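S.K.: Residue strings, one per chain:
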Amino acid sequence: MKRFIHWFVGGLLVAAFWVSLPADPGRRETPAFRPDYVRGHDDLNGRWQMRFASDAETPLVHAASMVELPDGRLRAFWFAGKREGGPDVGIHSAVFDPRAARWSEEERVITREQIRRQWGRHVRKLGNAVPVLDDDGRMRLFVVAVSFGGWAASRLVALESDDLGASWQFDEALIASPFLNISTLVKTPPIHYQDGTVGLPVYHEMVGKFGEILRLDRDNRIVDKERIGHGRKAIQPLVLVDGPKQATALLRNEDEDNQGMLYRSDSLDGGQDWSPLYGSRLTNPSSAVGGVVLSPGHWLVVANCNPKERDDLCMRETWDSGVTWSDRFYFHNRHRWRADDVAEPVYLEMISEEVANTLEAENPELIRRRVEHNKCHAKGCEFQYDYPYVLQASNGDVHILYTWNKSAIRHAWLPAGSARGGEG
Amino acid sequence: MISEWICALVLVALVLRLAARLPLPWRVGLAGGMLVAALLPFPYGLSGWVLSYLSHFSVSSGLLALVAIQHRLTGHYWLPVWQLRAVCVLLVVLALWFYPMSLGSSYVDPYALGFGDVAFSGVLLLMGLLAWLYRAYASCLVLVVAQLAYGANLLHSDNLWDYLVDPWLVCWAAGWLVRDRLLVRRERRHRRAAGEQPVTAPASRVAGQGS
Numbered sequence: 000m001k002r003f004i005h006w007f008v009g010g011l012l013v014a015a016f017w018v019s020l021p022a023d024p025g026r027r028e029t030p031a032f033r034p035d036y037v038r039g040h041d042d043l044n045g046r047w048q049m050r051f052a053s054d055a056e057t058p059l060v061h062a063a064s065m066v067e068l069p070d071g072r073l074r075a076f077w078f079a080g081k082r083e084g085g086p087d088v089g090i091h092s093a094v095f096d097p098r099a100a101r102w103s104e105e106e107r108v109i110t111r112e113q114i115r116r117q118w119g120r121h122v123r124k125l126g127n128a129v130p131v132l133d134d135d136g137r138m139r140l141f142v143v144a145v146s147f148g149g150w151a152a153s154r155l156v157a158l159e160s161d162d163l164g165a166s167w168q169f170d171e172a173l174i175a176s177p178f179l180n181i182s183t184l185v186k187t188p189p190i191h192y193q194d195g196t197v198g199l200p201v202y203h204e205m206v207g208k209f210g211e212i213l214r215l216d217r218d219n220r221i222v223d224k225e226r227i228g229h230g231r232k233a234i235q236p237l238v239l240v241d242g243p244k245q246a247t248a249l250l251r252n253e254d255e256d257n258q259g260m261l262y263r264s265d266s267l268d269g270g271q272d273w274s275p276l277y278g279s280r281l282t283n284p285s286s287a288v289g290g291v292v293l294s295p296g297h298w299l300v301v302a303n304c305n306p307k308e309r310d311d312l313c314m315r316e317t318w319d320s321g322v323t324w325s326d327r328f329y330f331h332n333r334h335r336w337r338a339d340d341v342a343e344p345v346y347l348e349m350i351s352e353e354v355a356n357t358l359e360a361e362n363p364e365l366i367r368r369r370v371e372h373n374k375c376h377a378k379g380c381e382f383q384y385d386y387p388y389v390l391q392a393s394n395g396d397v398h399i400l401y402t403w404n405k406s407a408i409r410h411a412w413l414p415a416g417s418a419r420g421g422e423g
Numbered sequence: 000m001i002s003e004w005i006c007a008l009v010l011v012a013l014v015l016r017l018a019a020r021l022p023l024p025w026r027v028g029l030a031g032g033m034l035v036a037a038l039l040p041f042p043y044g045l046s047g048w049v050l051s052y053l054s055h056f057s058v059s060s061g062l063l064a065l066v067a068i069q070h071r072l073t074g075h076y077w078l079p080v081w082q083l084r085a086v087c088v089l090l091v092v093l094a095l096w097f098y099p100m101s102l103g104s105s106y107v108d109p110y111a112l113g114f115g116d117v118a119f120s121g122v123l124l125l126m127g128l129l130a131w132l133y134r135a136y137a138s139c140l141v142l143v144v145a146q147l148a149y150g151a152n153l154l155h156s157d158n159l160w161d162y163l164v165d166p167w168l169v170c171w172a173a174g175w176l177v178r179d180r181l182l183v184r185r186e187r188r189h190r191r192a193a194g195e196q197p198v199t200a201p202a203s204r205v206a207g208q209g210s
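If you're matching them up, the sequences are chains A and B in order.
Everything in the first sequence is counted per numbering that gives the first Met the number 0, starting at 0 for the first residue and increasing by one.
Everything in the second sequence is counted per numbering that gives the first Met the number 0, starting at 0 for the first residue and increasing by one.
In isolation and in its complexed conformation, chain A is listed as follows (with noise of 0.2 Å):
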């Protein structure tokens, strides 16, 4: 009998080996991108159009992003509430149709209620949300959710949608760390390998801050995981794939010692091996940074442009996949005021400049109290153009979500073959 034990459990040792082998043909082989970018769409000589995504009921709002529907249209979604953290705060969403240039109503689709429900944990609060659409139309939302401390306890949840984003079933939490899985966080669009698995740049900043790609398949199952950097760098991975091997990521200086540039690291294996995190010779003083790839090698990058502030928002190109870099367009540029804050009536002021230059604003005097709630303390006010999302859409135009004064998801956008640059 004792002989037989011994051999049975050798036998299941061997057995639980060969079920424990990868599985997934994807973890086995070595990945490639599937580029997206829109082939004989890279001028950039238009005339951008500005207006606003969302509708300034809601106190505050941050943190944009946006997919293309596929009948052309973009839905986008950020999160909403009196405060950030707050517990009322929500994921809204908006549609833009580029044939009748409207956004229409912003509708509140997720709420912190609604995850806690059906995941059957509690939830404190929500964040950033990234949406990926399959390609048998079926869209998918994760969302940054907290169910105790602050963002660095922050857990990724997904959730499905049947109907292009007006409503939302949740599917799972994805579990991303092995210390309480805590500290991963989204905010960058998502990528595509060839084989159908999305790519999801994540960040952690608990003990480490760092980026990582997450390969999931259909099911939402993490099929791989790829560091980009180490130690307490860099977040925010911004992904940009120049080709089925080639990728770039930028990523949000956070290292106290390095300040005021963007750093960068490459791949040129589909995303297995990143390089160690070098300085990308792009200014920016710790924020979040957008951009997309318009052909190889030609990218478009938006962010903050000065080593100290958010009261900047720039647009930079390169045409030798980020060797050399010029500055393309400012959508805000307010250096002069920097050294300290603004009065409040002269802030007002150019608050209710820029609304006014922007595209059917609804109601500007809400918009305007709203930044004045926002951006005005007892001392003065303070500018704040910050977490660009960009998008080039398949018919080749470029839009770019951000945050305007936390009071606002504004609209940048450039429709493919117009005529004259500037902004209108």
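Hints in this document: simulated from the structure, not taken from any laboratory.
Since the model is a prediction, treat every value here as computed from it, not as a measurement.
Among the clues, some could well be false.
For the chain B half of the interface with chain A, some residues (derived, Cβ under 7 Å), not all of them [to be verified]: (1) Phe41; (2) Ser51; (3) Ser101; (4) Gly103; (5) Tyr106; (6) Tyr110; (7) Phe114; (8) Cys139; (9) Tyr149; (10) Ser156.
Positions of the beta carbon are idealized from the N, C-alpha and C atoms, including for glycine.
Given chain A's structure and the hints, the job is docking chain B onto it.
M.R.: Here is chain B on its own, set in the frame of chain A:
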């Protein structure tokens, strides 16, 4: 639901440890009460709240909780102490390497291996075979059950590490080792005071019955 069950087992084991001095009927009642309280649906059940904060317990923790519950209710300990000692040392040493690396101290990410890696599975097989050669069947079975659970995707995690270890298991192992050392020291002191020959390791002692 498996995560909730494992959490419930851990909570029951914890309650039985705290109530170790109560009479058996009381302990049985407490264990039953805790099991029900843990498994009630969220937001009424304890498991949902505990897992909201701690994320999940590994399959190994669940199995160990089962053994602890059986010990507290029957008085018999199924795991030989030498095996438990070896596993605890292994867990603590592993954790000292695994957690700092996985949390970003270097470019190497051992946690990523858990999403499916032939070499990682091979190392587990070698460890299992080593335990098997030493007739440490309990350790073998923990490895087998954790890997089979991973293959069946029983937990929410897609990572084999999450089936094998969790931070609370490591904390428990570290605590057990500290207590083990204290018990060994006390036993040596007693033997010396009684004029007996000192022993190098209390092989006959049963874990958890020292106090």
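S.K.: Decide, hint by hint, whether the structure agrees.
M.R.: Structure-based check of each hint:
Given the 7 Å rule on beta carbons, the hint for B:Phe41 holds: about 4 Å separates it from the nearest Cβ of chain A. Using the Cβ-Cβ criterion of 7 Å, the hint placing B:Ser51 at the interface with chain A is satisfied: the shortest such distance is roughly 4 Å. Satisfaction of the interface hint for B:Ser101 is found here, the shortest Cβ-Cβ separation to chain A being roughly 5 Å, below the 7 Å cut-off. About 2 Å separates the beta-carbon of B:Gly103 from the nearest beta-carbon of chain A, less than 7 Å, and the hint is met.
Below 7 Å, beta-carbon pairs count as interface contacts, and B:Tyr106 has one with chain A at about 5 Å; its hint therefore holds. Residue-level restraint check for B:Tyr110 holds (minimum Cβ-Cβ distance to chain A is 5 Å; threshold 7 Å). At about 6 Å, the closest approach between the beta carbon of B:Phe114 and any beta carbon in chain A falls short of 7 Å, and the interface hint on this residue holds. With 7 Å as the threshold, the beta carbon of B:Cys139 comes within range of chain A, its nearest partner Cβ sitting at about 5 Å, so the hint holds.
A hinted interface residue such as B:Tyr149 counts as satisfied when its beta carbon comes closer than 7 Å to some beta carbon of chain A; here the least separation is about 6 Å, so the hint holds. Hint on B:Ser156 holds. Least Cβ distance to chain A is approximately 4 Å, under the 7 Å limit.
Hint compliance for this structure: every hint is met.
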